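Novice: So you can see what is in the structure, the chains are spelled out below.
There are 2 protein chains.
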Amino acid sequence: MVYYDAAETLSRVEIERLQLERLRASLKQAAKSPFYAKHFAACDFDPASVATLADVRRIPFTTKQHLRDSYPDAMLAMPLSEMVRMHASSGTTGTPTVIYHTQNDLDWWASLMARCMYMAGLRRTDVFQNMSGYGLFTGGLGIHYGAERLGCLTIPAGAGNSHRQIKLLTDFKVTGIHIIPSYALYLSAVFAELGIDPKSLSLRIALVGAEPYTEETRRRLEEIYGIKAYNSYGLSEMNGPGVAFECQEQHGMHVWEDAYLAEIVDPATGEPVPDGELGELVMTTLGREGMPVVRYRTRDMTRFLTEPCPCGRVHRRIDRLHGRCDDMLIVKGVNIFPMQIERVLMAMPEVGQDYLIVLERDGYIDNIRVKVEIRDEYFVEDMRQLGALQKRIAARLRDELLVTPKVELVERNSLPKTEGKATRVLDMRGNGA
Amino acid sequence: MVYYDAAETLSRVEIERLQLERLRASLKQAAKSPFYAKHFAACDFDPASVATLADVRRIPFTTKQHLRDSYPDAMLAMPLSEMVRMHASSGTTGTPTVIYHTQNDLDWWASLMARCMYMAGLRRTDVFQNMSGYGLFTGGLGIHYGAERLGCLTIPAGAGNSHRQIKLLTDFKVTGIHIIPSYALYLSAVFAELGIDPKSLSLRIALVGAEPYTEETRRRLEEIYGIKAYNSYGLSEMNGPGVAFECQEQHGMHVWEDAYLAEIVDPATGEPVPDGELGELVMTTLGREGMPVVRYRTRDMTRFLTEPCPCGRVHRRIDRLHGRCDDMLIVKGVNIFPMQIERVLMAMPEVGQDYLIVLERDGYIDNIRVKVEIRDEYFVEDMRQLGALQKRIAARLRDELLVTPKVELVERNSLPKTEGKATRVLDMRGNGA
Ligand SMILES: [Zn+2]
Ligand SMILES: [Zn+2]
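Residue numbers (UniProt numbering), protein chains in the order written: chain D, 1 to 433; chain F, 1 to 433.
Calculated from the structure, these hints are not laboratory results.
There may be inaccurate statements among the hints.
To be verified - Straight-line distance between alpha carbons at most 20 Å, and here's what the computed SDA-like set of lysine to any residue pairs gives:
1) K173/D x T97/F
2) K64/F x D171/D
3) K167/D x A74/F
4) K167/F x A74/D
5) K173/D x M78/F
6) K173/F x S89/D
7) K167/F x K167/D
8) K173/F x P72/D
These numbers were taken from a predicted model, which means no experiment stands behind them.
Construct the complete structure from the given sequences, taking the supplied hints into account.
Specialist: Shown next as structure tokens:
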């Protein structure tokens, strides 16, 4: 097994020693910013007092709202003139969140991204097409700099223009791509129109991220393109892509623990959950000098995978995301994420594109009803067949959710849409649900 | 006066000595590519035989067609695995032209671009917003890497989304921008709608390029935004932006002669024109290792400005572009560029957005007729006033062109458009004109 960086195979003890050393430096650096000076003072926290990694828990979380309140630059730990890059969230209304980087920060980010790509099997001899929009969105420049750092021949294709994408993929014998899952599915239809089998390309590896998608979609993409697809996790507050990434085991994403301190907490109490249990991912930058961020609540729900990874990397893995905290539904005391339901439905060939989750209250009892769009060819007149399908879907959902939903089969295009986008959850339980 | 690079103030003798040294190395490097191996062999040219800069004239030109014929990689002088970036022309039909870069090439390009920006007055303390589309178009990443190299806080805004552009310009006290002239004019209208005076911004400097525009448009932009606007010249075959750039004299663009060998030739004969005379710019890369290009016919018409520049830089300046060779019209034996006509018209407040140049043959005599759209407020019923305006336009055009055109005033929206884009020249002279 070969690795990009010696840091990947430090022992657990060594990683944690490195984390502690970097955490102390990072908190000291953070304290230079107006925001953290106040934030630390408000809870009587002194960065010099940190003796163990657990000491970080004495610091209150940083939230998206804190970032907004710090607009435009109250979280800077160094003078603005030292910054060479800025990324901002895309909203034109409301206050954007802004992340700044020094040249050292960009170098560090590029090397973390290169490490991810190397882990997925890409090498400097690969031809890599980045099909992500560039600009303020971190997915474009983030992956671009990583690919160049690794030494791939990098094609900055950008988003859209499918015919040109396909011409580039074909003519330059592209072996690696960065692509959004929904676009990868769309592009496969364009390939079909052109009578080109995507399997005939030189393509080996896809980096896939930037929007939630299911394991089934991954397998479908791998099948259509004849490739391996690797999941990427990142968020602009922690640079962007390059935070956690799958190794060739394709089972959970290694968090680069020499660059980030990751915690998983109960989103309600903020207390750490036991290893292996679901909770909200909280992250601290360990290597960013321009704008350190401490205990950032990502709102992303995941869990640590506790078994050691056969790839030899000691950095802990997080499970694929279970959704956003804000999306979590509580039904009969059980936590349910719409993503879990989507995963089950999309694995069944009879199911179409849409579904709707309806939460109802029957007296004091919560119920979950799932309306499922059935593909035309399966929407037959035979009631017995439909009844059997309905039962099969209900059983699979019960296995996943641990509660039994009511399943209702509906025809194509009969579910409500809001401005072209499907509505996935309808909570009819009234307030206090 | 301060300079970014010692190379800017070498003496003429030193620059030419450096050019000769680099030319020899570059031609030797080029000879390693399949294309130039053949190209040099076909004319019995041996790179080792080069003793003076003039010896380069023994090599036949490289044309756009040669680049197309070399698709995808016959001009590479090093293995494909050494390349880390590719840019391609955007056409989806026809063969694109492709330029490859090694990491050294990208570093060299970024430093040339940083040198341009420094010359225009930008420093590492500036906040720089790049309003150019990213991706395969070289203007985006080319300027971006230069700005980061210089150490500016670089905002990768990308193209479009005017309200966001204005929010960024305002909130981040942006001092420098890269913008396309037509978009700068459009954006000024959005500022007006929002009731913001662009002069109230922190903006000092604009880098302007990527599409032809006149001196009058430059002055108008400077006036509207209260800034200095600097002209940029570049083409993807020579990397992209960073080939030639204006100093603070704003009179001609210094060609970085330590990086490029520039010639100006008669487009018909290919022979050098005397210094100061108009001709086609021909360029040779002196520092690119991955894909050297030798004596590339840019099709751009310009001339060397022969006077020494007060800024102290010895690198020769080229005049603002007079148009593309392919656009050159010959009327009564005189060379005319549509750009010259545009320049005259756009300086007159009575003239609207559109004009049409019609070439006619009357017996054996060529005539040039210019149909000029007049702004509503000037399109009055008073025939005397219109007649006077007509004469004034004709006189100014005669001064510029040295032939007397017939001028016809027309109302707004009465000129033909091809798919939304104005048609500028209509040649009615039949073949052999
Ligand atoms: Zn692993
Ligand atoms: Zn000068």
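Novice: Now look at each hint and say whether the structure bears it out.
Specialist: Verification of the hints:
1. K173/D x T97/F: holds (16 Å)
2. K64/F x D171/D: Roughly 19 Å separates the two Cα atoms, so the pair holds.
3. K167/D x A74/F: This hinted pair holds, its Cα atoms lying about 18 Å apart.
4. K167/F x A74/D: holds (18 Å)
5. K173/D x M78/F: Measuring from Cα to Cα gives roughly 18 Å; hence the hint holds.
6. K173/F x S89/D: Given pair K173/F, S89/D holds - Cα atoms ~18 Å apart, limit 20 Å.
7. K167/F x K167/D: Roughly 37 Å between the alpha carbons, so the hint for K167/F and K167/D is violated.
8. K173/F x P72/D: Judged against 20 Å, a Cα distance of about 10 Å means the pair holds.
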